[in-house]
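Colleague: Below are the chains, spelled out letter by letter.
There are 4 protein chains.
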Amino acid sequence: MNTQPSPNSLKIAYIGGGSREWAHKLMMDLALCPDLAGEVLLYDIDMDSARLNEELGNWIQGQPGMHSRWHYRAVSDLKITLADADFVVISIQPGSLELMASEIALAESHGLFYPVGDTTGAPGLSRGLRSVAIFKMFAEAINAYCPDAWITNYTNPMSICTRTLTRVAPRLKVFGCCHEVFATQRMLAGMAAQFLQIETPPRKDIQVNVLGINHFTWVNQARYQGRDLLAVLSDHLEEKGSLRFYTQKEVESWNDWFHSADLVKFTLFQRYRILAAAGDRHLVEFLPGFIVSPESLFKWGIIRTPVSYRISRWEAAPQKIRDWISGTSPFVPESSGEEGVGMIKALLGLGDIVTNVNLENTGQISNLPLQSVVETNAHFSRDSVRAVVAGALPRAIAAMINQHITNQELIIDAVLLNDLDLALQAFINDPSNHLPIDSSAALFQALVQLNRDFLPVPEMANNRVQNAYAEAK
Amino acid sequence: MNTQPSPNSLKIAYIGGGSREWAHKLMMDLALCPDLAGEVLLYDIDMDSARLNEELGNWIQGQPGMHSRWHYRAVSDLKITLADADFVVISIQPGSLELMASEIALAESHGLFYPVGDTTGAPGLSRGLRSVAIFKMFAEAINAYCPDAWITNYTNPMSICTRTLTRVAPRLKVFGCCHEVFATQRMLAGMAAQFLQIETPPRKDIQVNVLGINHFTWVNQARYQGRDLLAVLSDHLEEKGSLRFYTQKEVESWNDWFHSADLVKFTLFQRYRILAAAGDRHLVEFLPGFIVSPESLFKWGIIRTPVSYRISRWEAAPQKIRDWISGTSPFVPESSGEEGVGMIKALLGLGDIVTNVNLENTGQISNLPLQSVVETNAHFSRDSVRAVVAGALPRAIAAMINQHITNQELIIDAVLLNDLDLALQAFINDPSNHLPIDSSAALFQALVQLNRDFLPVPEMANNRVQNAYAEAK
Amino acid sequence: MNTQPSPNSLKIAYIGGGSREWAHKLMMDLALCPDLAGEVLLYDIDMDSARLNEELGNWIQGQPGMHSRWHYRAVSDLKITLADADFVVISIQPGSLELMASEIALAESHGLFYPVGDTTGAPGLSRGLRSVAIFKMFAEAINAYCPDAWITNYTNPMSICTRTLTRVAPRLKVFGCCHEVFATQRMLAGMAAQFLQIETPPRKDIQVNVLGINHFTWVNQARYQGRDLLAVLSDHLEEKGSLRFYTQKEVESWNDWFHSADLVKFTLFQRYRILAAAGDRHLVEFLPGFIVSPESLFKWGIIRTPVSYRISRWEAAPQKIRDWISGTSPFVPESSGEEGVGMIKALLGLGDIVTNVNLENTGQISNLPLQSVVETNAHFSRDSVRAVVAGALPRAIAAMINQHITNQELIIDAVLLNDLDLALQAFINDPSNHLPIDSSAALFQALVQLNRDFLPVPEMANNRVQNAYAEAK
Amino acid sequence: MNTQPSPNSLKIAYIGGGSREWAHKLMMDLALCPDLAGEVLLYDIDMDSARLNEELGNWIQGQPGMHSRWHYRAVSDLKITLADADFVVISIQPGSLELMASEIALAESHGLFYPVGDTTGAPGLSRGLRSVAIFKMFAEAINAYCPDAWITNYTNPMSICTRTLTRVAPRLKVFGCCHEVFATQRMLAGMAAQFLQIETPPRKDIQVNVLGINHFTWVNQARYQGRDLLAVLSDHLEEKGSLRFYTQKEVESWNDWFHSADLVKFTLFQRYRILAAAGDRHLVEFLPGFIVSPESLFKWGIIRTPVSYRISRWEAAPQKIRDWISGTSPFVPESSGEEGVGMIKALLGLGDIVTNVNLENTGQISNLPLQSVVETNAHFSRDSVRAVVAGALPRAIAAMINQHITNQELIIDAVLLNDLDLALQAFINDPSNHLPIDSSAALFQALVQLNRDFLPVPEMANNRVQNAYAEAK
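Chains as they are written, first to last, in my numbering: chain A, 4 to 476; chain S, 4 to 476; chain L, 4 to 476; chain H, 4 to 476.
Excised from the complex, chain A in its bound form (with noise of 0.2 Å):
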């Protein structure tokens, strides 16, 4: 951002501005907060996404309660919608929902079964390669357009796109932002009202020391008004008698696709005394162990979120933008529960806040790499955003996080550096991948062919991967 932006005249650029998830939530959080203004450029390759998002941003401004006034366009080119930025918001879909979900089957063909497959695992390594050459361009744009400018990462796989950032253009001013931890409060929250006797607290005033890698991070204390909520959520599973498995019926009807049983995250909590921070669809993409059948998912509570579901609420969503302008379904102005409009004003200087964000470490936790992208509570002030110590993690949790962070750098290299034998060293060492060295091979040549449109050089996908193993007796 410029020196001294002036909140009122702001310029905000946002890649991906054809969003049907997180643009719709800014915008209305921007339109509540009457303390900034200024002009939101939507940058997208969907351009009709784009004036869709423009039409609607644009229209918000005129409903009842809404507070600021923001103008919002649509621009098809990078260069413009970046120049002299004060902010930058990248919240993209690398590649189509379709190869998403090619991605998802091909892994499952070879006999792994990811819930999400958006972060790790097979699809989340494969999701990262490409990523890692868009974001590539996103970073030599930004670099040149708005170098000041703060940017906010929401795109997963979330440590590999933001450590791109910095790997490409070091001094850009990177954070990025998950809620994931909040729904981990959220659940603090609702344990502390059952056990503690009070009413159901805001998440915000469940205190929380967070500490580990994006999707698989974990809180080591968590207190409300001085009472330890990890003690009483250790008291109370003592007490419980039995471990209590799902059936398939009954995860099948449950309708929520996001949903999360806890009950990884609470065996986690036993075995390791420290709180995952992130969904059970999350978790065991990090595990060995887990993603080795349906039934073993079922098992555990886990739905595996069907990208078709996804797809058909991306199709559903610009009807249902069209509803609201035309007056057909009521628009209801109501904040998201997200931080970014607050981190906005915490960086302009307009009130401090201390919540959880993806920054490279730089002291952060203690026995995890400098400047691997980790997720720990940070303090945001005027232009300045520092992390707060969390300290270390236990040292089985973070052997583990280690070989992730290892794999993600080995992904960014392999992209960065033309080497794609390195992306798949990350394959084979990821610990979810319970395959033997050739089906992983076999798995990565299948899906680097998919990426093919993405990958710098194509060549690189015939590279040395389909060698054959040689016996030299």
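Honestly, the hints are just simulated from the structure, not real lab data. Glycine included, C-beta positions come from ideal geometry on N, C-alpha and C. Among these hints, one or two may not hold up.
Stated by the list, open to error - Covered, in the sense of this in silico footprint (three residues per stretch, anywhere, with C-beta under 8 Å from a C-beta of chain A), are these stretches of chain L:
| no. | region |
| --- | --- |
| 1 | 105 to 119 |
| 2 | 362 to 369 |
| 3 | 380 to 389 |
| 4 | 392 to 400 |
| 5 | 414 to 425 |
Position chains S, L and H against the provided structure of chain A, taking the given hints into account.
Modeller: Just chains S, L and H now, with coordinates in the frame of chain A:
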């Protein structure tokens, strides 16, 4: 050892003196060495075996071609064995072979098919647990009765046993010996002969830079007279046209239960660009994806060594000795090819050597944790063993090894800190273990029961492990 | 503190409760704070002073403009003072002011002219030695009687005293407070007013990133409303034409014994490109080349604070109190400008703050050793103090600070391990000490004699130190 | 070197081939070695000296007792010298002896009395600055013309010169050699003879563990046939009754300008419990408190080597050579006692050796920064030099060395990054420099002027240094 032990009146304390493999090798090599003399005290909980070795050791002195004069004595008291010893050799079977068989069978009943089962994976970690308890006792005794002695450990699990000694008594002078790397040198010597059209060079002339942990050690530089043997290997593997998998029938026809087809080793070499220095039977126990079925092992040319074979070999050994002594079968004096006696000579100032051993990491591998036990070359000179700096491992390999080192430390902590939960964390995190947490915990619990007699606080076996995983919803 | 202390019935244990500076500041700030109430126990080896403070504290409650109700009580028993305290405040004079005067005079007689003498250099390290012995006793008592209390240390040498508490009792919750950085913020606020043509901003609005060790702390980022104040300072210094040294006469005419001319601070800024955040009187004690003569100090505008002035101020203090109570001189209620009460409120959950404190390094400064006590910003919230990551120091500064940290650890070790030789190593290595080893040892020996009553093993004072340096030729 | 150089037709490139000390030693040792033959190219900017060495080298071949056949050739072109060389030897005088004299005199005029002036302190760092510029050029040339050659550096400042080579061209194979440790081994051998009542053992039989940086290296283990020589030294020093200082008259009567009385060495040993392995003349240049006056040096028995002596020795050298060749003075073939030729043989596969050298830290000293050039033992074998792990330095010594390493890196950065301010930071931070910042800056500026012809951007000499220190009040 005493500050200035005389090579002519050494005292060697042999813990596991009834050993039917390493003890005989040592006897032979001592007998062939004209520079040393003294006495060897053979301590064992199996006194019959120790007494037979006493008989054999003393008998060998009188055979033709034997140079040295050593006195062997079986001793049932550890204090007498150790008092003022110059050298301590430890080669024990931690627990019976029957117990080892049960461990491997238990793992198999849970779907984990370990070919060796003495180093890592469920049976190796289980063996590790009891070994910590046993080696703690050895460390305390050595520290009390001969704190200046040099200690050579041959017992598996090598890293856990060796590290336990200095965890318990930091000033002890310990190194661990394993001949696994020698086989890789021999393989390279054979390859040099074939592809460089030369006579097969002696193993010791294959210059290797060794780095890793025991049975998962690597070679990133191998040369014969200046020729880069890893480049030769690489060229050769590139030439070959196809991956040559094995059938069950083929493998079963091999008549060597310790055979390595090197297919895993070569595949790893192609993927990670560094040569694993242990046999395939060991390698697959450190990796995900292999031990899932006997078929999967056969395909890669891996035989599972039957413990029954170990038992029958063990049972047959005494008769072999008696046949030598009685003259029924001819006794052929022959060097063992091991380096133990060469090390003793170097430590006495009779000629420096450089060879690979297991030592605490004091800097020799820069990207593994300090103090973990690692395997590299070391320089042996008078009363001194110092590692040679081996450098850094490739990132992907370092992350895997770091996971194994963490697991080893958790196993040691579990016993030394009386906290068996830490051992369960190691089981869950073991890369070869593809079981979900509940199955890992069940297998763990069964293995702990098996080891009940060895664990310092038997109640530990019931502690928390069978607690249910509860659901707090 | 108790897990949930009530802000209306707090117990504060004040060690050094007869304090004539910090105690009065705390009393006033507590009296002006409407949110807290409770009792303050004043422990001191000088019970007269403690009783006078008791009288003053209780008297203040009745004065106009005072909000809170606190009860003050002088106590001669440390156990009673500490039992179940919620907060412990430590501000003692370690040894008498006369002892301090002797230390500084002794150093002077060896050619070392320290302006302050309470932090580092020969007198500061000497004071450190006895402080370790004293704080060891405090740590043990707090650990026994109120292990959950939050401890604020104000005593110098700050780093040594603070670190001793957690070296002795690792679970104690400790931070150290110093207002030295505030003066730098005020200087920057004044500079902002002058060069940006604005009203002088309040100190707290000068946003600084603090990193270093107490009295040798640095600021690598300073902003007011987005304006980079270090750039303003740099421009201004470039403009000025010549180095403006001071004459002895000029400096002697200054009537403030604590004056800092900032000439050293600005020179360091030009050389190292980072702003020292302590006054020049402190800075020169950490650096080579300054304390060699009074002339050298005068030239740089540095006054040596006479201990005689401290003594007379100290002696005059009781009458000042009596004059207030008797009405002889008017009592003006006024906030101290310190942050102690704000910290207490934050720890009780009454409003987060971020301010600079001294804490063990858990990652906040990435190129100083973990666990050393460093000064950075920290986030205070309910029952939680967590450092904000400050990043890395410039290499040249980090090396100097690392030398001082090593010396501090050697001083602590010397007392805790009963090995005074280690303290002599610290004396020799002190950067401000330009004496050769023999002179350093003689000065050291004399200082140890002075401190004989405080050192745990009085014989230490004779141990080896006076041993001659021999020549073996 | 070529992968498989033939010991019978080696090419050695000698940079500084006109050398009047190291070149003669090498010639002699090569001539006495029957195993090697080839050609030595002598490159020098002083071609007369190179040609005289050419004549001498070739003449030596014909003398009685000489084994080898080597051809010497003076070459004025660096490219021709280096092309395809197997070994490169660098022993240059960076700048003239007159320049060295001026540096030392300048420092003296500021009150800094350096006895040697070629390693550290103001003159050593100044020499370092120009050496970086010169060695940068060597590194680029070697990298272009013989990147596989092994490079031996003998030039001081050793650490700065050696590190510059790999900073500029990381793949170069470099080690630095210095005989300073040998003198300590000889001292220990003499002590062993005296106190153990034995014949003086050969230097090489004194087994030492070396760790530190060149000319400030330490020995924490020294043994002869198992006897602990540091314990012998310690006992002996305890016995002696009084510190034996020297008078100016005594010292001036010594007729060896390189004499070391070892009084500093032994005093350090008593204070830090570890033996410094360089002569006192070097040691005092690394320490505070010594170089403040000639009297202070005399007292400790330290002679300042007059550069005029070096110059006259240098000027007399050619006549000595001509006298040999003409037969005027007898030529006595004698080994130099250096290890250079032994190292070459080891690198050719003709016999491993372990000796002390200067190498980048890849782990050999665990508490000094990785990649700094440190001195430890190393194992030389065919085409391989690997450091032997030396362990950790005592904390107090490590902190001092870390300061010197930081200064060395700042000197290198100053030239490679064209930022002379960094070099001034090194000057100010130098522990031997007791000047205040303004005097340090003035001396620095004068030294930079002296070196103007060597620094890559002459304008640097004016850059900022003479800027005044301003006062912003």
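Colleague: If a hint holds in the structure, say so; if it doesn't, say that too.
Modeller: Evaluation of the provided hints:
| no. | hint | in the structure |
| --- | --- | --- |
| 1 | 105 to 119 | violated (count 0) |
| 2 | 362 to 369 | holds (count 5) |
| 3 | 380 to 389 | holds (count 7) |
| 4 | 392 to 400 | holds (count 4) |
| 5 | 414 to 425 | violated (count 0) |
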